[in-house]
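Enquirer: If you want the building blocks of each chain, they are given just below.
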Amino acid sequence: MCGIVGLFAKDPGLEQELGAHLAGMLTSLSDRGPDSAGFAVYGAPIPHAMKLTLRAPAGYAFDALMPALRRRVPGTISLQTCATHAILTVPETGEAATRHALAEMARELVVVGSGHRMELYKEVGAPAEVARQFHLERMQGSHGIGHTRMATESAVTTDGAHPYSTGIDQCLVHNGSLSNHNALRRELRRQGYSFATENDTEVAAVYLTAKLRDGASLRDALMGSLRDLDGFYTFVFGTATGFAVLRDPIACKPAVMAETDCFVAFGTEYRALANLPDIERARVWEPEPATVYVWSRQA
Amino acid sequence: MSGAPRVVDLEQASVRELNQALHALTPDSNETFWRVCNPRGRHNLAVGLDAAVTVEIAGHAGYYCAGMNKQAKVIVHGNAGVGVAENMMSGLVHVRGDASQSAGATARGGILLIDGNAAARCAISLKGADIVVKGSVGHMSAFMAQAGTLVVLGDAGDGLGDSLYEAHLYVCGAVAGLGADCIEKPLDDVHRTELQAKLTQAGLAGQVDPGSFRLYGSARQLYHFDVDHADAY
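Read top to bottom, the protein sequences are chains A and B. Residues in the first sequence are numbered from 845 upward in steps of one, following this note's numbering. Residues in the second sequence are numbered from 235 upward in steps of one, following this note's numbering.
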């Protein structure tokens, strides 16, 4: 099961409502994934700054980290707490020092993603509740992706929830299961990549990160996964400026897309798209198997 | 068909209420024309009908629309999700847009007409219904199809007719590849007549030349037990 959604604004006029639409899409796929949910939203970049999305146990005092961080990381640092998550904005040049400091000072805290634009939230619970607790409906951005999880192969934990981010401004949601993830994880570890979980989707995310780091285009990175990944998958992958979709060659998992002059949207089922503006006039189609779809916009 | 349709708005009524109302129809009912508004991709619309009525669905339908249909004419004014008209027994299901995977799966009778494309596994395990797709069909279509016909005006994806029994597959466009035990057969007069009848049923008489189709059927090597292959079982 599981449900995935994605929304990419072609018209900047939609950016203000992006979070509200994404929340509706996510909620509509609750019965495909009632265990946990997550989403990533690509908002406006802050010049020369990097946003780190932090996650910690409920009730964690993120604010208490700030005095020490300010001592150790030069430049302007700000923190915005949202339930179990917080967005820490640091100077671009201070990202490594920040990560180092956090690893030393706060072991219970996880950096779940980083980027100039991307913020990433995921938690155990019903999708509507997860969207509500992080105020997704108020978020703005150029594009966003989300996932509702019905756990089948590992426990219902926040670590097992999607999206997975393994590169700057990159994130992946996945519907399906991979069968060669252990071998691929070993290979990627050998190449120097590290993994935070035993999850198959994280392996796919790292695989794509590695391809992009090697200079592949977004399209070529995904084409590579047709060769190197074995199993069932429908992927929606986000980068700072791009939005891509891929289904495995036998199209095991369902997928529907819609496009208007205003947006491109992805849903595991059409129900997720039914409330988007002007959907009656959208081109609605089922993405072809083994075919990469990419949209991108100016940085 | 009577004049004004009975309208069911799914923003007001549930899918269960819709289906129960359709199941409650008696043969002498005057309510023979129904219109379903705001389907919004909901699943199981107009399933299990057994009445000579027309049901128009005003928008995109979700999974299993018109499944198990008997007698009824169900028209989807949009796309249909997975398994449209699955296990249909009789009647007509007409999708004005595209159909998702497994359209007409296991259908035993009736006609499924798809104006757009059908995705993978169209007519999987077909058991006697007639399916006409004006666009193309995806991979593994007519997998293990036992009886009935699949007529495709466009192209067919890879693995067409894999493990086919006795269904007849007529394709006008290109076939990406045939599945195991599926072969091209000569389009003789018997098949040409059969195809012409299916095209006429679908309202396509005179619009398409039956001679422009190729016929695919079973090589019958796979479904007969062969004692020489006993070791393989």
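Derived by calculation from the structure, the hints in this document are not laboratory data. Hints may be right or wrong, so weigh each one.
[Unchecked claim] Covered stretches of chain A, going by a simulated chain B footprint (3 or more residues, C-beta under 8 Å): (1) 891-901; (2) 997-1007; (3) 1054-1063.
[Said to hold, decoys possible] Taking beta-carbon pairs under 8 Å as the criterion, some of the chain B residues facing chain A (in silico): (4) Gly275; (5) Asn278; (6) Gln305; (7) Ile309; (8) His311; (9) Gly315; (10) Asp332; (11) Ala353.
All figures in this text were calculated on a predicted structure; none of them were measured in a lab. Note that CB positions come from ideal geometry on N, CA and C, so glycine has one too.
Enquirer: Are the hints correct? Go through all of them and say.
Expert: Consistency of the hints with the structure:
1. 891-901: violated (count 0)
2. 997-1007: violated (count 0)
3. 1054-1063: Violated - the region 1054-1063 of chain A has 0 residues with a Cβ nearer than 8 Å to chain B, which falls short of three.
4. Gly275: Because about 3 Å separates Gly275/B from the closest Cβ in chain A, which is inside the 8 Å limit, the hint holds.
5. Asn278: 12 Å, violated
6. Gln305: Cβ of Gln305/B sits 27 Å from chain A, so the hint is violated.
7. Ile309: For Ile309/B, the interface hint is violated, since the closest Cβ of chain A sits about 17 Å away, which is over 8 Å.
8. His311: Because about 11 Å separates His311/B from the closest Cβ in chain A, which is outside the 8 Å limit, the hint is violated.
9. Gly315: 6 Å, holds
10. Asp332: Since the shortest Cβ distance to chain A is 6 Å, the answer is holds.
11. Ala353: Holds: closest Cβ of chain A sits about 5 Å from Ala353/B, inside 8 Å.
Going through the hint list in order, the structure does not satisfy hints 1, 2, 3, 5, 6, 7 and 8.
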